[in-house]
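Peer 1: Each chain, written out:
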Amino acid sequence: MDAFKSLDAIACPLPLSGIDTDQLIPARFMKRSRADGYGDYLLHDLRFDESGQPRPDCPLNMPRWQGAKILVTRRNFGSGSSREAAVYALADYGFACVIAPSFGDIFASNAVNNGVLPATVTEEDGEALLAGLESGDGTARVDLETCEIWAANLVIPFRIDRVWRTKLLNGWDDIDLTMSHSSAIEAFQAQDSLTRPWLVPTVHGP
Amino acid sequence: MGIRAEAGPRTLFDKVFDQHVVTAREDGQCLLFIDRHLLHEGSFHAFDKLRSRDAKVARPDLTFGIEDHYVPTRTRDLTAIDPAIANMIRQLRDNSARHGLRLFGLSDPAQGIVHVLGPEQGLTLPGLTMVCGDSHTATHGAFGAIAFGIGASEVAHVLMTQTLWQKKPKRMRIRVEGKLPPGVFAKDMALSMIATIGADGAAGHAIEYAGSAVRALTMEGRLTLCNLSIEAGGRCGMIAPDETTFAYLKDRPYAPAGQMFDRAVESWTALLGDEDAPFDREIVLDAGEIAPIVTWGISPEDAAPITASAPDPDRMNDPARAAHVREALDYMGIQPGQPLTEIAVDRVFIGSCTNSRIEDLRAAAAVLAGRRARIPGLVSPGSAVVKRQAEEEGLDRIFTEAGLEWVDAGCSMCVGMNGDLVPPGERCASTTNRNFRGRQGPGSRTHLMSPAMAAAAAVTGHLTDMRPLLAGRETGLTGEH
Numbered sequence: 000m001d002a003f004k005s006l007d008a009i010a011c012p013l014p015l016s017g018i019d020t021d022q023l024i025p026a027r028f029m030k031r032s033r034a035d036g037y038g039d040y041l042l043h044d045l046r047f048d049e050s051g052q053p054r055p056d057c058p059l060n061m062p063r064w065q066g067a068k069i070l071v072t073r074r075n076f077g078s079g080s081s082r083e084a085a086v087y088a089l090a091d092y093g094f095a096c097v098i099a100p101s102f103g104d105i106f107a108s109n110a111v112n113n114g115v116l117p118a119t120v121t122e123e124d125g126e127a128l129l130a131g132l133e134s135g136d137g138t139a140r141v142d143l144e145t146c147e148i149w150a151a152n153l154v155i156p157f158r159i160d161r162v163w164r165t166k167l168l169n170g171w172d173d174i175d176l177t178m179s180h181s182s183a184i185e186a187f188q189a190q191d192s193l194t195r196p197w198l199v200p201t202v203h204g205p
Numbered sequence: 000m001g002i003r004a005e006a007g008p009r010t011l012f013d014k015v016f017d018q019h020v021v022t023a024r025e026d027g028q029c030l031l032f033i034d035r036h037l038l039h040e041g042s043f044h045a046f047d048k049l050r051s052r053d054a055k056v057a058r059p060d061l062t063f064g065i066e067d068h069y070v071p072t073r074t075r076d077l078t079a080i081d082p083a084i085a086n087m088i089r090q091l092r093d094n095s096a097r098h099g100l101r102l103f104g105l106s107d108p109a110q111g112i113v114h115v116l117g118p119e120q121g122l123t124l125p126g127l128t129m130v131c132g133d134s135h136t137a138t139h140g141a142f143g144a145i146a147f148g149i150g151a152s153e154v155a156h157v158l159m160t161q162t163l164w165q166k167k168p169k170r171m172r173i174r175v176e177g178k179l180p181p182g183v184f185a186k187d188m189a190l191s192m193i194a195t196i197g198a199d200g201a202a203g204h205a206i207e208y209a210g211s212a213v214r215a216l217t218m219e220g221r222l223t224l225c226n227l228s229i230e231a232g233g234r235c236g237m238i239a240p241d242e243t244t245f246a247y248l249k250d251r252p253y254a255p256a257g258q259m260f261d262r263a264v265e266s267w268t269a270l271l272g273d274e275d276a277p278f279d280r281e282i283v284l285d286a287g288e289i290a291p292i293v294t295w296g297i298s299p300e301d302a303a304p305i306t307a308s309a310p311d312p313d314r315m316n317d318p319a320r321a322a323h324v325r326e327a328l329d330y331m332g333i334q335p336g337q338p339l340t341e342i343a344v345d346r347v348f349i350g351s352c353t354n355s356r357i358e359d360l361r362a363a364a365a366v367l368a369g370r371r372a373r374i375p376g377l378v379s380p381g382s383a384v385v386k387r388q389a390e391e392e393g394l395d396r397i398f399t400e401a402g403l404e405w406v407d408a409g410c411s412m413c414v415g416m417n418g419d420l421v422p423p424g425e426r427c428a429s430t431t432n433r434n435f436r437g438r439q440g441p442g443s444r445t446h447l448m449s450p451a452m453a454a455a456a457a458v459t460g461h462l463t464d465m466r467p468l469l470a471g472r473e474t475g476l477t478g479e480h
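Protein sequence lines correspond, in order, to chains E and A.
So the first sequence is numbered by numbering that gives the first Met the number 0: it starts at 0 and just counts up by one.
So the second sequence is numbered by numbering that gives the first Met the number 0: it starts at 0 and just counts up by one.
It is possible that part of the hints are untrue.
As the list claims (entries may be wrong) - Derived DSBU-like pairs: lysine-lysine, alpha-carbon spacing no greater than 30 Å straight-line: (1) LYS55(A) with LYS166(A); (2) LYS30(E) with LYS55(A); (3) LYS167(A) with LYS48(A); (4) LYS166(A) with LYS14(A); (5) LYS167(A) with LYS14(A); (6) LYS4(E) with LYS169(A); (7) LYS14(A) with LYS68(E); (8) LYS4(E) with LYS167(A); (9) LYS48(A) with LYS30(E); (10) LYS68(E) with LYS166(A); (11) LYS30(E) with LYS68(E); (12) LYS249(A) with LYS48(A); (13) LYS48(A) with LYS178(A); (14) LYS4(E) with LYS166(A); (15) LYS169(A) with LYS14(A); (16) LYS4(E) with LYS48(A).
Simulated from the structure, these hints should not be mistaken for lab results.
Bear in mind the structure is a predicted one, so any value in this text is a computation, not a measurement.
The following block holds chain E by itself, in its conformation from the complex:
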């Protein structure tokens, strides 16, 4: 995974609250292999009408937000299903950072595992940023080392879990890290099998 230090990019405003993972990628599209890419499916039913034509009022379809790598939205972004495909859709479309006042917990952790930064701002700063992008040149700088967003004459601090920040800054993969603890895991299991001998299920009932 690539390390995330800072990002200068077009920041697309999506002034909606509660964009859940079902909207980020509807369930009917999740049969595809990741290798085929999920970008076409991002926010599918908001982006396209029933006949598959792009909806002109969706910011992602507007010429000025093409090539955006930062998404700015309202509270409770990514709530709902644990489907990591929601992050695949964002990442494959090109987004590397989402800015919102609150995030679905599982979504945020999935995002970090795919190198996408979930940056939490206050509701007030979020509204100011949304307005600033509309009236300004539409670009923003997100600095993960200082936890600041620079856009349209605003400097806005953002919050992110300390550990997630470290993981993103270093591009760390958890599995490699965990493998270095394999002897501790083995020791835990040996001890645990004595204290909780009922742990491993075996069929005995009806």
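Assemble the complex: chain E is given as a structure, and chain A must be docked to it using the hints.
Peer 2: Then chain A, alone, in the frame of chain E:
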């Protein structure tokens, strides 16, 4: 065993968490041992990662495959369904076979929704850490387990290491005190709680449900309550194990038996939170004030008593809330201030990991017995076991005589992955957990409610206070006195 992260009085969550810490880092990240890993068809991304690393499953004996998300509910013949859906099911079969995992497949007499099957088979036990690539894994917390949903990267991590890095969340207690009025169920308790604290109200917290009304719930009711923890923004919710828990678990197929069961109960009892254990946040609700609830919007927090009217955004002080309400009413096709009972419904779905257990079906049947549904509907039991039991009790005949379809177990119309969908623009009275835009199909409109309320909507064709319809009838459910 484990690392004692904190001295002093501890909550139930603390005790279970601490017992599973393999190693802790200075930054607060803990490597947690995982006791049960449940997989469904969506796990193919994780298995693809294993394949690319040429890795094996670390603990096949603690890992279980369950066919539920994509399974057809009207046939069990994979050659008769959409090949792409059949392929999803076959991938889980192939991955389970390759790694030697116990798979509960379509032909298994125990097959069902992962969050119904786990408790029913005794795979879910107090004091366990349980994960699944499904946010409603929170359901299993009803037994006093730390159970939460994870993403595909984390599924791959657990498959390869049987552990997961976690930071201890904050602890929140939700106490529901008093007695639920007649005709008010765990589903109403949960929706009422979410309407109170908001859909992100418990974000960053592990919830512990307590109080006399929670203690009075059956295991079925507790599962429903914990199921909806995720809709309140919490990653998990749990209830301290007690006699109700132990009685439910005794003689379950995979639960410990005989002396081992007694030994386990002793250990589980010691997990109860210390009396003066601190919580970061506490909410107290009065059970007596909870009424049957329905949602009118596109988030589970958009919920109100059936006796109320849809809100009017023009009369709201908070502009962000008003914007959301306007957007929600527009999507749902509801007028501001419209009485909820005047909202006509096109179809009904009774099922899902929230409300597909035997008690739920009994409650719906109690309303439907001897009546005809005015609208079409689907009833999908949570498991093959629930299906058999319902048929033995004659509930299936009540549903079919009312004009509803009685089908096989699966996630079905809750998530629509198997093709059971609500058509665009149609309105569905649903016992599920999510009323998001398009959740039950593109353009679908979902109203969340209890099984008895969904049954009442079927009978009248509109959202309905089912209490008069239930008068004098037995449901056998908590909340009926």
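Peer 1: Which hints from the list above does the structure break, by number from lowest to highest?
Peer 2: 7, 12 and 13
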